[in-house]
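Chains as they are written, first to last, in the UniProt record's numbering: chain A, 1 to 513; chain B, 1 to 93.
A couple of the hints might just be wrong.
[Claimed, not checked] What follows is a set of in silico ranges between Cβ atoms, one per label pair, in the way DEER data are often shown: (1) B:Gln85 <-> A:Asn58: 53 to 59 Å; (2) A:Ser200 <-> B:Asp21: 44 to 50 Å; (3) A:Phe132 <-> B:Leu28: 25 to 31 Å.
[What the hints assert, rightly or not] Residues from chain B that face chain A, not an exhaustive set, calculated with beta carbons under 7 Å: (4) Glu26; (5) Ser50; (6) Lys54.
It is worth saying that the hints were derived from the structure and are not from the lab. Even glycine gets a Cβ: it sits at the ideal position worked out from N, Cα and C.
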Amino acid sequence: MESISERLPKVFNVAAYFLESSLAAENSQRVALFYQDKTYTYSQLNCFVQRAAQVFLNFGLEQENRVAILLPDTPELVFAFWGAIWLGIIPVPINTACSVDEVQYILQDSRAKLLITTQDWQAKLAPISSAFLQHRLLQDGETPFLSLLTQQADEAVPCAKTLRDEPAFWLYTSGSTGKPKGVIHLHQSMVVCAENYAKSTLKLHREDITYSVANMPFAYGLGNTLYMPMAVGSATILSDASNAFDIVADIQRYKPTVFFGIPSVYANLLAVQEIAPLDASSLRLCVSAAEQLPESIWRQWQETYNQEICEGIGTTEFLHIFLSNPSGACKPGTSGRPVPGYEVQVLDDRGHPCAAGEIGNLVVSGESLMLGYWNRLRETRQALYGTTMRTGDKYQFDADGYFKFMGRQDDLFKVNGQWVSPMEIEDVLHQHPQVLEVAIVPESADGEQLTQVVAYVSLKSGQTPSPELEVNLCQFAKQRLPHFKAPKVVRFVEHLPRTPTGKIHRKAIANYR
Amino acid sequence: MSEADDTPINSIDTLKVILTDLGIPEELLHPETWLHQDLQLDSTEIVEISLGLKRRLGVSVKLESRQDMTLTQVCHQIEAAQFAQSHPHHGIA
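Only chain A is shown next, with the shape it has when bound in the complex (with noise of 0.2 Å):
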């Protein structure tokens, strides 16, 4: 069968086909975007994106140049991206959650001429220790990027002749080395990931609103928020929602019929039911990704709003989700079956397939596969082989045909959605002046809770242990470190159990439980 992606023509740009699509649908005039007050109409996206477009060459940006965009989820962000694809100029969103470090490394290592901010990060960057830097437009202050759009007249600029299989925009993910990485996705990236996920998975359609609390610069939020709506010619709500109030206060507001959460929120979500109630009589459907979903959220969510969560697994690297679980025949506890279109397997160390309900690793062919990282060879080449990726996590399969997340073959783990490294947290620890060894491993009683980072530590001669030297080495990591990767437990051991190199042996660790 031909491919999504051989269905486009070679000369194609992602952006003019969203944007024409849905705008020739008769959308013009249905809303494309909430955001506070505010709506777009896709007429008025269109318009934005067409005058973003103006705004880059007018700052002299050429195809193949790379635009920064570190910026909340605004109509801004949108307008930007759309309208630097729309000139084959490369759009970089970077989360706001980003550390000041991490968002100074992006910007030297994509090289971006032109950065899109606000106020307060341009203060904090200050000096931005990129060379390659040419250009700063603020959302806010004395010329806000929205006014600069307005001033702009109407004229239609020509979009670039991009191919199909040429870069169209990188999304950073965290590494093992705690250096983001680029990943370069194509024009035909998001398309395939519309029809595979949004359409033949998630049957969205024109009457949708979709929510994500998953902001753009994630490849979740980018799928849930950006061109999955537009894919269907739905609408979509722009959120700065922070935390599970502003949640039920947006669900309330704006009554949308998908909802794409995160573990650590539907937790949350439910822990709230008695001080804020959700309305959640608009909802037709649920979806988590980015972590396991702990089978009791599951059932505690379906108990309390008699729906199910629809939960996937996908990786940056595949731009969105490749198992899910099908509406009105999940299994609790998995990620779910292959979206159509993606080839899953588990193989042992050898290569070979693994037989249900074998442990092994988790390979996945699909043809919204990254073109590589950014200047990354070594990562890339022990990641790729032809159109399939190494993902590093641990799965099984049962007779059903339903994969289940076992462990990862690194020692990386994820807590809130995001990728935490032991070694990072074990640093910091290190520093503590009564700690001789510490190891950080996650906990989440097989699955069944959401993961927590413990600390095992062993003591100085001399020292020890109490309950107050437990809250002050929680304190002293959560003072050096972002709150959510701060050890919640710690456990004193006299020693740490090492393997014959000398590392450190997780894997017996695990066993102390």
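Given the coordinates of chain A, assemble chain B onto it according to the supplied hints.
Just chain B now, kept in the frame of chain A:
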């Protein structure tokens, strides 16, 4: 709005206890300390504060946090919630 008889004297102390339980050092906690800007609290910790207030004071405080809040501002919300709960016909939700 009169708060005279309904203002608990312990809302700031309760808030401080909840925050120290979350692993925030007590010396960082002052009336004008900002939850996000100064303490870098994340979304789960904000929910923990609200659950702690429910558990310890019996009040339902929705800590919507699109705008950062100081400890004093949180206390005002606690006191408003206590007032509303003790005066259910007053019309303050």
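List of violated hint numbers, smallest to largest:
Checked against the structure, the hints that fail are numbers 3 and 4, while the rest are satisfied.
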